[in-house]
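Q: What follows is each chain in one-letter form.
Number of protein chains: 2
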Amino acid sequence: MDDAVRYSLLSPGKRVRPRLCLAATRAAGGDPERALPAAAALEMIHAFSLVHDDLPALDDDDLRRGRPASHVRYGEAVAVLAGDALLNAAYSHVIRHLAEPADVKLAVLAELSGGVAAMIDGQYLDVTAAAPSEDDLARLHRLKTGALIEASVACGLWVAGLPPDDQGPYRRFAAELGLLFQIVDDVLDDGTDGEPSYVTLLGRDRAREMVHESHQRALELLAAIDGDRSQLAELTELIARRSA
Amino acid sequence: MDDAVRYSLLSPGKRVRPRLCLAATRAAGGDPERALPAAAALEMIHAFSLVHDDLPALDDDDLRRGRPASHVRYGEAVAVLAGDALLNAAYSHVIRHLAEPADVKLAVLAELSGGVAAMIDGQYLDVTAAAPSEDDLARLHRLKTGALIEASVACGLWVAGLPPDDQGPYRRFAAELGLLFQIVDDVLDDGTDGEPSYVTLLGRDRAREMVHESHQRALELLAAIDGDRSQLAELTELIARRSA
Chain A
1 MDDAVRYSLL SPGKRVRPRL CLAATRAAGG DPERALPAAA ALEMIHAFSL
51 VHDDLPALDD DDLRRGRPAS HVRYGEAVAV LAGDALLNAA YSHVIRHLAE
101 PADVKLAVLA ELSGGVAAMI DGQYLDVTAA APSEDDLARL HRLKTGALIE
151 ASVACGLWVA GLPPDDQGPY RRFAAELGLL FQIVDDVLDD GTDGEPSYVT
201 LLGRDRAREM VHESHQRALE LLAAIDGDRS QLAELTELIA RRSA
Chain B
1 MDDAVRYSLL SPGKRVRPRL CLAATRAAGG DPERALPAAA ALEMIHAFSL
51 VHDDLPALDD DDLRRGRPAS HVRYGEAVAV LAGDALLNAA YSHVIRHLAE
101 PADVKLAVLA ELSGGVAAMI DGQYLDVTAA APSEDDLARL HRLKTGALIE
151 ASVACGLWVA GLPPDDQGPY RRFAAELGLL FQIVDDVLDD GTDGEPSYVT
201 LLGRDRAREM VHESHQRALE LLAAIDGDRS QLAELTELIA RRSA
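One line per chain: the protein sequences are A and B, in this order. The first sequence runs 1 to 244 under the working numbering. The second sequence runs 1 to 244 under the working numbering.
No wet-lab data here; the hints were simulated from the structure. Predicted model, so just to flag it, every value in this text is computed and none were measured. Please note: incorrect hints may appear among the correct ones.
What the hints assert, rightly or not - Footprint (simulated), chain A over chain B, 3 or more residues, beta carbon under 8 Å: (1) 49 to 63; (2) 87 to 99; (3) 103 to 109; (4) 121 to 127.
To be verified - Derived coverage of chain A by chain B (criterion: at least 3 residues anywhere in the stretch with Cβ under 8 Å from a Cβ of chain B; other residues may be distant): (5) 53 to 60; (6) 81 to 89; (7) 92 to 102; (8) 114 to 121; (9) 124 to 137.
Backbone N, C-alpha and C fix where the C-beta goes; we use that ideal spot for every residue, glycine too.
Chain A on its own, in the form it takes in the complex (with noise of 0.2 Å):
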């Protein structure tokens, strides 16, 4: 079982959730290396997320950042149970070695669980919704991308100390990247994968508009932020620039 868990989690990757949780660590003034147990624990749950919507019966896709999926390489049964520890992980991980105070791990722990419950919805969203709106399209994405993207952001902020009434800004901004990173997501895609996207729905020209007003956003929105945002910015650009 670790090895399936392994594969799937330590698969080649740009680590983007748990490298914005320290980075909004950083910026909030904390030290990133205490936040390196939620930031993992991130990872563990997009890796599930991915393991489980590869399955034949969801998106069944045989390839998975270049590699065979889960369920290819260790056949359905492991991919359904290997997804599953993988976000049981996450919990359990935060829960033992998140070095903070305990009202602090259970900030962390409701700011993962919210994420894990919206991506869900958005899957099946995803799943059962027949043809989306452009209002259905951007509900789904807010749930299916938007949501564990702004906990990660909000996860750093608790590890930092940053008291909720201060988390305003970055949160707008995290829900903006979120925003940014799916549509740049349809746009690479370019409607080949036959699911509901801003491409198929709205044509090329205007998605990759929307990927420039949703970067410009976002960079207004970080400019908002006061603190060290040196790394929040590379990889607001690391996600606005990707080409894979």
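Based on the hints, put chain B in the right spot on chain A.
A: Using the frame of chain A, we list chain B on its own:
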């Protein structure tokens, strides 16, 4: 999605795990009402495991508790997601609704995550092990069933405020109860589902003897517990004498 989650969570069942949790809280001198969020989480975890275990790629069971399994009723994609949602909701429910000090909440969360991890490991052994020995079977049962039964009792103890040093007698009782539960399961199933069991491995007569022996040990271990044991005794009888 809520539909599919409710369908599996609220289907007819004996609610052994939540009842054990509440009974343990009472025995340890706590207020069972305070343990309700933990009890609900245990049933969510149990429901999650049934939904995923029933999937075609795993045990391929079309019926669960006399009704169509989740994947038969809602399709495989939704069943995978409903299982995921149930596991996540278990954590979320305790994080949000258990009205205990943060350290008690974290202890409960740690019990849940340990129980779930063992359960998934057990199910992995079950779907991958070819011909288990008696020792393998004991280990598989301990992981797949015993760990969550023990966690159910332990969650109740944490809510009652029983210190770890005083939890030993309860945990030993719970471990035996988990074994009893599984041997009874094997006897009731009578080897018909083709899964490794004490009946297929040791024969029907020996398995029946083992039920009796385990029941006696459970009663002896129960007698070593100081406190109001009445509900724990009722549940022991329910488990030993159940017929479905």
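Q: Against this structure, judge whether each hint is valid.
A: Hint check results:
1. 49 to 63: n = 4 at 8 Å, threshold three: holds.
2. 87 to 99: holds (count 7)
3. 103 to 109: holds (count 4)
4. 121 to 127: holds (count 4)
5. 53 to 60: holds (count 3)
6. 81 to 89: Since 7 is at least three, the answer is holds.
7. 92 to 102: The restraint on the region 92 to 102 of chain A holds, since 5 of its residues have a Cβ under 8 Å from chain B and three suffice.
8. 114 to 121: With 5 residues close enough to chain B, the hint holds.
9. 124 to 137: Contact hint for the region 124 to 137 of chain A vs chain B: holds, 3 residues under 8 Å.
The structure fails none of the hints (numbered hints given earlier).
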